[in-house]
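Each chain, written out:
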Amino acid sequence: MAILVFVESAEGKIKKTSIEAVAYAHALGGPVTAIALGAVDKAELEALGKYGAQKVLHAADEKLNQGVIQAYASVLEKALQDEGADILVLANSSLGTPVAARVATKIGASLASNVVDLPQTSGGFVVKRSIYTGKAFAWVELKNQKKVIGLRKNAAEIKEVGSAAQVTPYAVTLSDADFATHITSSEKATGEVLLPEANIVVSGGRGMKGPEHWGILEELAKTLHAATGCSKPVSDMGWRPHHEHVGQTGVKVAPQLYIAIGISGAIQHLAGVNSSKYIVVINKDPEAPFFKAADYGIVGDAFEIIPKLTEAIKAAK
Amino acid sequence: MKILVCITHVPDTTSKINFTDSNTKFDTTGVQFIIGPYDDYALARAIELKETSGATVTVLNVGLADTEPTLRKALAIGADDAIRVNAEPTDSFFVAAQIAELAKGAGYDLILMGRESIDYNSGVVHGIVAELLGIPSISPVMKLDIDGTKAKLAREIEGGKEYLEVSLPFVAGCQEPIAEWKIPNMRGIMSARTKPLKVVEPKTVDSGVKLQKFELPPPKGSVKMIPADNVGELVNLLKNEAKVL
Ligand SMILES: Cc1cc2nc3c(=O)[nH]c(=O)nc-3n(C[C@H](O)[C@H](O)[C@H](O)COP(=O)(O)OP(=O)(O)OC[C@H]3O[C@@H](n4cnc5c(N)ncnc54)[C@H](O)[C@@H]3O)c2cc1C
Chain U
1 MAILVFVESA
11 EGKIKKTSIE
21 AVAYAHALGG
31 PVTAIALGAV
41 DKAELEALGK
51 YGAQKVLHAA
61 DEKLNQGVIQ
71 AYASVLEKAL
81 QDEGADILVL
91 ANSSLGTPVA
101 ARVATKIGAS
111 LASNVVDLPQ
121 TSGGFVVKRS
131 IYTGKAFAWV
141 ELKNQKKVIG
151 LRKNAAEIKE
161 VGSAAQVTPY
171 AVTLSDADFA
181 THITSSEKAT
191 GEVLLPEANI
201 VVSGGRGMKG
211 PEHWGILEEL
221 AKTLHAATGC
231 SKPVSDMGWR
241 PHHEHVGQTG
251 VKVAPQLYIA
261 IGISGAIQHL
271 AGVNSSKYIV
281 VINKDPEAPF
291 FKAADYGIVG
301 DAFEIIPKLT
311 EAIKAAK
Chain V
1 MKILVCITHV
11 PDTTSKINFT
21 DSNTKFDTTG
31 VQFIIGPYDD
41 YALARAIELK
51 ETSGATVTVL
61 NVGLADTEPT
71 LRKALAIGAD
81 DAIRVNAEPT
91 DSFFVAAQIA
101 ELAKGAGYDL
111 ILMGRESIDY
121 NSGVVHGIVA
131 ELLGIPSISP
141 VMKLDIDGTK
151 AKLAREIEGG
161 KEYLEVSLPF
171 VAGCQEPIAE
181 WKIPNMRGIM
191 SARTKPLKVV
201 EPKTVDSGVK
211 LQKFELPPPK
221 GSVKMIPADN
231 VGELVNLLKN
241 EAKVL
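Chains U and V are the protein sequences, given in the same order. Each residue of the first sequence is one higher than the one before, counting from 1 in the working numbering. Each residue of the second sequence is one higher than the one before, counting from 1 in the working numbering.
Looking at chain V on its own, in the form it has when it is part of the complex (with noise of 0.2 Å):
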């Protein structure tokens, strides 16, 4: 079985968020880069597969040459090899069809991603994928097993979880608690430097969407307390001053 993790490299979930250049550039500075947490799923959860059934795994970022510490971290959790399209993730449709572009013709049994990145949050790449690959999607996706050509599934809906069959091929978008995240060892620490990480260039897309600037929400007020023993007074508050009750 041949798998696809498809992972993002983004800011690290406790970042402070800022803009540079008149709100048009994401502010860098003193920020870590990490695999997305639901790519970290979706990556975990492959390399189980390869673990319980002799799966090949190969994880694809598209990014610029900033990211392959991102891709090494995720050799080193154990993929067998890495590829990265050498462009600037600019959106959910650009990223989408260079991962089809590639997927196209490659054999992969089953691609699997993150739900969502936590820089754009779209959600939307994995449908994406799906549909210009002519293949099922499903996500959010919260357990996965594999049984020869066939896939049993559960999927995270408002309240509660959907069953699911499939054939294989298909998109996944993955979250919690489909595995648990690995952290990478000595040795695959090792290993991952000398993995093939391959270097692809982008195909021209035609995006529909043009990002203008970022803006940042208004600064929160201070918190008004109040003594444990007049809890009657925030019922007050709530129902006079915030007037949500």
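Here chain U stands alone, though its shape is the one from the complex (with noise of 0.2 Å):
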């Protein structure tokens, strides 16, 4: 039972949540090989012996820097085959979900996405997924021989296993139809944590008030290495990059812990919250629905209460 787990990097270093499918893939038991396609840290691919990679190759061609799906699915395509591969692992995102879906086609896989944790096999192939916005999972056997699974975060814990893989550059040869869709440009936030990898996120709703009492917002977010988010009116008003709207119709995270600020907790917000480990809510209602969903909450006002939680924080490492 081969496997092959498509990693995806950002500013040259794997995604944790990519080192979380490679940890997958070895839990599962197969010999396992990882593929990064496009510009990589060599160090950053080599370190995924540790988690688990007996192999790992690098498409290193420069059309490849850019995630363009049609040719990712080419490429992961030829490697299951190369490598004799049943099964492909990867983690969910813009980028994996969609390739995902492509290659289940071309190999004929069984295709599972959002898929929570690792699998029954005591009758069958049994994996365990997210459905209805994180309000319940589905229990889903993958009947044929090759499978693809896409993962959400957490699905498997990393953990050191093994020592640095050796890197093998893996040529492919790509078509004019891999491109048929061209990247002109992107805008991408730099040294920013990504919300759907972050460990903490701190996320503001329509009870910051406006775009320029952010900063304290930010600050806070800072001090705890978090990423931030915002309600759904916070982006639809520009207040805060569509990229950072969490919920139903946004961004789905699953944090250690997430504190939200100012944000009423309606249902299509807290459905794209609810795998949440821990959740602190600040409001000055003690009525706002999301207490409710909460674990540990403070009735008050956030523009009292942001800056001396930073400092309590900052005191506190």
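Worth flagging that the hints you see were computed from the coordinates, not collected in a lab. Treat the numbers as computed from the prediction; the structure is a model and nothing was measured. The C-beta atom is built at its ideal place from N, Cα and C for all residues, glycine as well. Worth double-checking, as some hints may not be accurate.
[Unchecked claim] Chain V side only, calculated, beta carbon under 7 Å to chain U, not exhaustive:
{"id": "1", "residue": "I157"}
{"id": "2", "residue": "V223"}
{"id": "3", "residue": "K224"}
{"id": "4", "residue": "V231"}
[Unchecked claim] Listed below are the simulated DSS-like cross-link pairs for lysine-lysine, each with C-alpha atoms no more than 25 Å apart in a straight line:
{"id": "5", "chain 1": "V", "residue 1": "K239", "chain 2": "U", "residue 2": "K308"}
{"id": "6", "chain 1": "V", "residue 1": "K239", "chain 2": "U", "residue 2": "K63"}
{"id": "7", "chain 1": "V", "residue 1": "K152", "chain 2": "V", "residue 2": "K50"}
Both chains come to you apart, so use the hints to assemble them.
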């Protein structure tokens, strides 16, 4: 049961969710090959060996520096064939998910997205996946010999199980059809903690009153090494960029800690945060529905509490 | 230009999720069904394109007869005709195979749908349809402009966005802010009643997945309230009780 893991990188570094994918594949038990496409730091690739990859392939063709869905799907199809792998594991993401769809179709695999845990294999290969935007789970049997498994954050625990792996260059032949979509440019926040990857998220709602007040929230986030998020009206009004919008129609997060400030806790917002391990709610209204979904709550004014909280955290470090 | 918009028929976002039949069936008691919010964005953009460049818009749903009010709503919003594939939408591959079958040779310039459904959240139907048809797929799309046979798009990526160009035809999985949700007006609702809604039987598809059972997450424990003048206590709890700092 050879397994291929597609690993993604950001700013040259392997994403944490991709390292989780390697750990997941290792726990499945097959020989694990990881593959990275485009520019990635070599040391980062070698380090994948520590988390369970026996072999690391690097398709460094510069055409792959941009995440072109079709081209990536073609490379992965070929790599699965070359490695004799029946299973592809990857982290669900804006690139991973659409790529998984195409690869699974090409190879006739059973496909599951948002898998949250290792499979049960006593009767068939049965995975647990998150459905209804985090409000429930489904146990689904993947019946085909070939399988494509997309993982949600925290599906596997990262453990050191080996030592650095050898990185083998992987030559690819790409066709024009693979590049039918041209990426003309991109805008990307640099040096920030990415929301879907973050262990701590500090999120602000309409209670923050305006974009000019985000400074104190960002200061708190920086102190916690957290990503910043927001509610839908906040991104709708352009106070914050759209990629920070958390909830049913935005990013679904699963951090260790979610701090919600001035967010009422509408069910559509909760849908994006209910996989968080701990939730802290700060709201001036004691009746705010968010308190029912929280582990810790403070009733009070955000503008007084945020700076105090930042100070208290600095003091506790 | 011919646009196909694929819509899901899903529980309203405020629904409480429950299951029956030993956790094997979704409990529809008291649940209101809507057009999937992401599909609603796709539909809204399709209607805008119809208004600005004279496209025809067909809406498609794979579902049993109970989904017809949802299709009628899409017609009321402005789609020209509707197709229902008469089958339970059991999994992504099954649904995508039905869509591809209908789209094959039908000459759609653009196939739009939501980036994901809000019931199964797989986010893969657009990719499977496109692969089956051998055309490009782009998702999640937050901006879409058509100029002749070319399209300019913006796709959301973690921490930002990406701008793309592609020739028609292609498949797009849509999300906000591609367009604003449209609410049907009275005239739309009246005319929707007489717009064509065709029912077709599904093609047989060998799906590689089988649902075994559903499960609800454990209920949340109660919240610990901390006085506003004792923020230090929150930090203490996060550090020593939750162990997340
Ligand atoms: C189909 C659909 C999908 C949706 N998807 C999403 C989604 O993905 N994400 C999302 O967030 N929403 C979503 N919504 C919208 C959702 O229903 C709510 O409208 C939204 O979450 C409310 O945002 P908010 O909490 O920031 O604002 P409000 O509901 O206005 O709440 C503001 C809160 O701030 C508090 N407050 C005010 N001043 C202060 C202060 N000085 N200090 C402390 N607290 C203060 C108030 O007490 C209040 O609780 C969706 C809605 C629909 C219909």
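Could you tell me which of the numbered hints above are not met by this structure, giving the numbers in increasing order? 6
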